[in-house]
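Undergrad: Listed in order, the protein sequences are those of chains B and C. Counting in the working numbering, the final residue of the first sequence is number 89, and the numbers go up one at a time with none missing. Counting in the working numbering, the final residue of the second sequence is number 89, and the numbers go up one at a time with none missing.
Just to be clear, a hint being listed does not mean it is correct.
Said to hold, decoys possible - Far from chain C, by Cβ distances over 10 Å, these chain B residues were calculated:
| id | residue |
| --- | --- |
| 1 | Ala9 |
| 2 | Val45 |
| 3 | Tyr54 |
| 4 | Ile59 |
| 5 | Ile61 |
| 6 | Ile62 |
| 7 | Ala65 |
| 8 | Val66 |
| 9 | Ser69 |
| 10 | Val73 |
| 11 | Phe79 |
| 12 | Ser80 |
As the list claims (entries may be wrong) - One side of the interface only, derived from the structure: several residues of chain B facing chain C at Cβ under 8 Å:
| id | residue |
| --- | --- |
| 13 | Trp2 |
| 14 | Gly6 |
| 15 | Pro19 |
| 16 | Ser24 |
| 17 | His29 |
| 18 | Val30 |
| 19 | Gln40 |
| 20 | Lys56 |
| 21 | Asp57 |
| 22 | Thr70 |
| 23 | Leu74 |
Everything labelled a hint here was simulated from the structure, so no lab data went into it. Virtual Cβ for every residue (Gly too), placed ideally from N, Cα, C.
Number of protein chains: 2
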Amino acid sequence: MWKFIGAAAASLTMLSFIPQIARSFRTKHVKDVSPVMLFQLFLGVLLWIIYGVYRKDPIIIIANAVTLSTLAVLIFMYFSYGVKQKGQE
Amino acid sequence: MWKFIGAAAASLTMLSFIPQIARSFRTKHVKDVSPVMLFQLFLGVLLWIIYGVYRKDPIIIIANAVTLSTLAVLIFMYFSYGVKQKGQE
Chain B
1 MWKFIGAAAA SLTMLSFIPQ IARSFRTKHV KDVSPVMLFQ LFLGVLLWII YGVYRKDPII
61 IIANAVTLST LAVLIFMYFS YGVKQKGQE
Chain C
1 MWKFIGAAAA SLTMLSFIPQ IARSFRTKHV KDVSPVMLFQ LFLGVLLWII YGVYRKDPII
61 IIANAVTLST LAVLIFMYFS YGVKQKGQE
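Bound-form chain B, shown alone (with noise of 0.2 Å):
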C-alpha cells in the first residue's frame, strides 16, 4: 500500500513534463512557459542525479534522468518555437 503511494508519487511528478510537451508541440507555443524555471529545474535534477550516483540509490537516478529527458526537450522546443514566434510576431 505505502510502496504503492510512493510508487504513484514517484511517477506522477516524474512523468509531470510529459503533458506540458504535449500541448506545447500541439499548440506550437511555449512563450508563457518560464525559462528561468526550466533551467533552475534541469540543473536541480542534474545535481540530483550526481546526489543519487553518490547514495548508490537507483531510485534517485533513475526518476531523475527520466526528468532530465523531458527538461532537455522542452528547452529544445523553448528554442525552437520561440525564434519562430519572434520571426512571426
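Using the hints provided, position chain C relative to the given structure of chain B.
TA: Relative to the frame of chain B, chain C by itself:
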C-alpha cells in the same frame, strides 16, 4: 560537500515554480502552461507528502509542502488569468 549538493538539488527543484509564478504575474498570461501538468504535479506532490508522513521523513514533507504551495498559487493564477483572457479574445 555531498550534503551541499543534495541541499542545492532539493532547493532548486523545490523552488522551481517561483520563476513561473513571477513570469505569469508579470505577463498576466498562462495559456501556454499545461493545466494537466499542474494537476498531475499537484497530485504527485500531495502523494509525496503522504508518503513522507508515513516514512516520518521531514525533508520529504517540507520540500513537497513548499512545492505544493507554489503549485496552488500557479493553479489559482491559471484560472484567474485564463478566464480573463477568454473574455478579452
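Undergrad: All hints, please: hold or fail.
TA: How the hints compare with the structure:
1. Ala9: 4 Å, violated
2. Val45: Violated, because the least Cβ-Cβ distance between valine 45 of chain B and chain C comes to about 6 Å, which does not exceed 10 Å.
3. Tyr54: 5 Å, violated
4. Ile59: Check passes; 12 Å lies beyond 10 Å.
5. Ile61: Since the minimum Cβ distance to chain C is about 12 Å, isoleucine 61 of chain B lies beyond 10 Å and the statement holds.
6. Ile62: Consistent with the label, isoleucine 62 of chain B stays out of reach of chain C, its closest Cβ about 15 Å off (over 10 Å).
7. Ala65: 13 Å, holds
8. Val66: 13 Å, holds
9. Ser69: Correct as stated: the minimum Cβ-Cβ distance to chain C is 15 Å, above 10 Å.
10. Val73: Check passes; 13 Å lies beyond 10 Å.
11. Phe79: Nearest chain C Cβ is 14 Å from phenylalanine 79 of chain B, so the label holds.
12. Ser80: 14 Å, holds
13. Trp2: Holds, because the Cβ-Cβ distance from tryptophan 2 of chain B to chain C comes to roughly 5 Å (cut-off 8 Å).
14. Gly6: 5 Å, holds
15. Pro19: Interface hint status for proline 19 of chain B: holds (4 Å vs cutoff 8 Å).
16. Ser24: Holds: closest Cβ of chain C sits about 7 Å from serine 24 of chain B, inside 8 Å.
17. His29: 5 Å, holds
18. Val30: Holds, because the Cβ-Cβ distance from valine 30 of chain B to chain C comes to roughly 5 Å (cut-off 8 Å).
19. Gln40: Because about 5 Å separates glutamine 40 of chain B from the closest Cβ in chain C, which is inside the 8 Å limit, the hint holds.
20. Lys56: This interface hint is violated because 12 Å lies over the 8 Å limit.
21. Asp57: 11 Å, violated
22. Thr70: Check failed: Cβ of threonine 70 of chain B comes no nearer than 10 Å to chain C, outside 8 Å.
23. Leu74: At 10 Å from the nearest chain C Cβ, leucine 74 of chain B fails the 8 Å test, so the hint is violated.
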